[in-house]
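Assemble the whole structure, with the sequences as input and the hints as a guide.
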Amino acid sequence: MVKHQPLQVYERQLCLSCITGIYGCRWKRYQRSHDDTTKWELLWSLILLFTFCLLLVWFYFWWEAHNDYSEFNWYLYNRSGEWSDGTVPILATTAAGFTYISFLMVLALCHIALGQQLNLHWLHKVGVIAALLTTVVGVISVNQTWGQEWDVVPISLQATGPFLHIGALVAVTALSWIVAGQVARADKTIFQVVVVLLYLSVLLGLYMVPLYISSPCIMDPDTLKPRPDVFGHQGAPMLAPENTLWSFQRALQMNVTGLEADVAISTDGVPFLMRDFTLRRTTNVGKVFPDRRMEDASYFNWTDLRQLNAGLWFLQDDPFWTVHTLSPHEKDLIANQSMCSLEQLLKLASYHNSTVVFRLRRPPPEHPCYHSWINDTLQAVQQSGVPHNLVMWTPDEYRAQVEQLAPGLIQTSMEKQTPESLQHRSISRLLLRYNQVSIQDIRDFSQSRINLSLYTVNEPWLFSVLWCSGVSSVSSEAPHILRKVPYPVWLMRPNEYCLMWVSADLISFAVVIGIFVFQKYRTSGMRSYNPEQIMLSAAVRRSSRDINVMKEKLIFSEVQNGVGTAEELYGENGYDYYTNQGISQ
Numbered sequence: 205m206v207k208h209q210p211l212q213v214y215e216r217q218l219c220l221s222c223i224t225g226i227y228g229c230r231w232k233r234y235q236r237s238h239d240d241t242t243k244w245e246l247l248w249s250l251i252l253l254f255t256f257c258l259l260l261v262w263f264y265f266w267w268e269a270h271n272d273y274s275e276f277n278w279y280l281y282n283r284s285g286e287w288s289d290g291t292v293p294i295l296a297t298t299a300a301g302f303t304y305i306s307f308l309m310v311l312a313l314c315h316i317a318l319g320q321q322l323n324l325h326w327l328h329k330v331g332v333i334a335a336l337l338t339t340v341v342g343v344i345s346v347n348q349t350w351g352q353e354w355d356v357v358p359i360s361l362q363a364t365g366p367f368l369h370i371g372a373l374v375a376v377t378a379l380s381w382i383v384a385g386q387v388a389r390a391d392k393t394i395f396q397v398v399v400v401l402l403y404l405s406v407l408l409g410l411y412m413v414p415l416y417i418s419s420p421c422i423m424d425p426d427t428l429k430p431r432p433d434v435f436g437h438q439g440a441p442m443l444a445p446e447n448t449l450w451s452f453q454r455a456l457q458m459n460v461t462g463l464e465a466d467v468a469i470s471t472d473g474v475p476f477l478m479r480d481f482t483l484r485r486t487t488n489v490g491k492v493f494p495d496r497r498m499e500d501a502s503y504f505n506w507t508d509l510r511q512l513n514a515g516l517w518f519l520q521d522d523p524f525w526t527v528h529t530l531s532p533h534e535k536d537l538i539a540n541q542s543m544c545s546l547e548q549l550l551k552l553a554s555y556h557n558s559t560v561v562f563r564l565r566r567p568p569p570e571h572p573c574y575h576s577w578i579n580d581t582l583q584a585v586q587q588s589g590v591p592h593n594l595v596m597w598t599p600d601e602y603r604a605q606v607e608q609l610a611p612g613l614i615q616t617s618m619e620k621q622t623p624e625s626l627q628h629r630s631i632s633r634l635l636l637r638y639n640q641v642s643i644q645d646i647r648d649f650s651q652s653r654i655n656l657s658l659y660t661v662n663e664p665w666l667f668s669v670l671w672c673s674g675v676s677s678v679s680s681e682a683p684h685i686l687r688k689v690p691y692p693v694w695l696m697r698p699n700e701y702c703l704m705w706v707s708a709d710l711i712s713f714a715v716v717i718g719i720f721v722f723q724k725y726r727t728s729g730m731r732s733y734n735p736e737q738i739m740l741s742a743a744v745r746r747s748s749r750d751i752n753v754m755k756e757k758l759i760f761s762e763v764q765n766g767v768g769t770a771e772e773l774y775g776e777n778g779y780d781y782y783t784n785q786g787i788s789q
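Its first residue numbered 205, the sequence shown is counted upward by one per residue in my numbering.
Derived by calculation from the structure, the hints in this document are not laboratory data. It is possible that part of the hints are untrue.
What the hints assert, rightly or not - In silico DSSO-like pairs for lysine-lysine, Cα to Cα no more than 30 Å straight-line:
#1 K429 x K491
#2 K243 x K724
#3 K535 x K392
#4 K243 x K232
#5 K535 x K551
#6 K429 x K232
#7 K724 x K620
#8 K551 x K724
#9 K688 x K429
#10 K724 x K392
Printed below as a string of structure tokens:
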């Protein structure tokens, strides 16, 4: 009778099965391979890597662009005519795509670390291409509609650069485990040299990155200038309807030092607060004047404007997702807000001794106040009784005449010019978007005693960077957030940063050397990659019968590979070549 015995006993490799199964739908042992990855699959691996890098930049961009989400939604509104939070679908798709591609990258690295052949499943290939094309379309769209926002990336690196460097250093150091394993197991010297040189180039380049990191927050704390003044841009639009009296009152409750507003002129010459060209987003004009909802706001007279409700839209649309934080009393106040005139704003500012800066929009040529818009505005300033030294005058038109009629106004420009040009025109303040100036520009204006005010600053990290740069004031839609920033988010002395940089590099280098030495020692005794041979190290957990069966399998495998003759290998392992133990009488 013949007794059939299994030639090999396999251990269950659940983790490996999951890795190869999810990545390439190779769930069975016979489907896996230790052969070299094909050129076609290497190409897909490069596409996956490129998609991951592109999505990483795209994700970082939208993470830091949080400061300007309101501006982005306003751009979309001006293009489409409908108000919606366009950042929600973008953030959702970006987060989903980045998570998916990152997961595939982790699986690919696991394949490399385990010596498995890369074989991305076709469904994943479709997903990678979809993620790549979606991201490329998103980048092109942002370039066309919001190109200036890309400036937020280099600006944000002034706040995040030192910490991103440490994170990248940790990631590349961790990759040394995989690189060292590949080098130790490789048979070709050329491959080993190329991989080591490539990895060391990346590592040494990363070690030198801090030489190019420039951050104003790396400074001596003793030289830190006073905290910048905060202006409430349209009041406190995250807590109340923009450009309403209640919005400015809420901003004053947050201890702002100034108020900023957008001003238009009505047909009867009354300057009023309005950012949009039409009234349909921030009022109920569609209900009160349904036939005029698409008209320019400046074609309404003040009597008609006073009939409109300017607060209900805020409760209905919840543009900043903050309505749930409001008390019932605050909601009642908001529901009864009406249009606000410039004179009302100036009286409120005068009562609280707060500075006011407004951007005046000239009415269309057919407007009855097209030629008198400056005089109408100046008359409203004078009628309000506000001290002129609390008003920042921004229109460039007829500036000389305005200086003669109201010499006490603070002459402010919204166009970037040299300090000498501003001084020649008797302009003492400059109002710009935060991405229009560099650190050197800020220092030059400060030395020339030109007060620089930047808008719109909503995030603590941006406020901290501008504070360390020496900006005198900022305009914000979130004064309630900046109120909680009494000191820069982080501040580090140059010698402290140098110590952190050198220490991180030395630790990383020591870890990399240790990993390479360990991987070389770990693989020095292995002659092949047969999983059966590796599993023999766990012989203490096997019965002698199972071990003999596994050894017998290895002997036949090595005979086929030309390692030795059957007699030699059987003798080395304690077998009698001419004895057949599988047959009993």
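Against the structure, the hints:
Proposed proximity of K429 and K491 is contradicted: the alpha carbons are some 51 Å apart, above 30 Å. With a C-alpha separation of about 27 Å, the suggested pair K243 and K724 falls inside the 30 Å cut-off, and the hint holds. Of the pairs offered as hints, the one joining K535 and K392 is violated, with about 73 Å between alpha carbons and a cut-off of 30 Å exceeded. Under the criterion of a C-alpha separation no larger than 30 Å, the hint pairing K243 with K232 is consistent with the structure, at around 23 Å.
In summary, the hint linking K535 to K551 is supported, as the alpha carbons are separated by about 24 Å, within the 30 Å threshold. A threshold of 30 Å between alpha carbons decides the hint, and for K429 with K232 the separation of about 66 Å lies outside it, so the pair is violated. This hinted pair does not check out: K724 and K620 have alpha carbons roughly 60 Å apart, beyond 30 Å. Of the supplied pair hints, the one linking K551 and K724 is violated, its CA atoms being roughly 78 Å apart against a limit of 30 Å.
For the hint pairing K688 with K429, the CA-to-CA distance comes to about 18 Å; that is within 30 Å, so the pair holds. Taking the CA atoms of K724 and K392, the gap is near 15 Å; set against the 30 Å cutoff, the hint holds.
Figure legend: structure checked against the earlier numbered hints; hints not met, in rising order: 1, 3, 6, 7 and 8.
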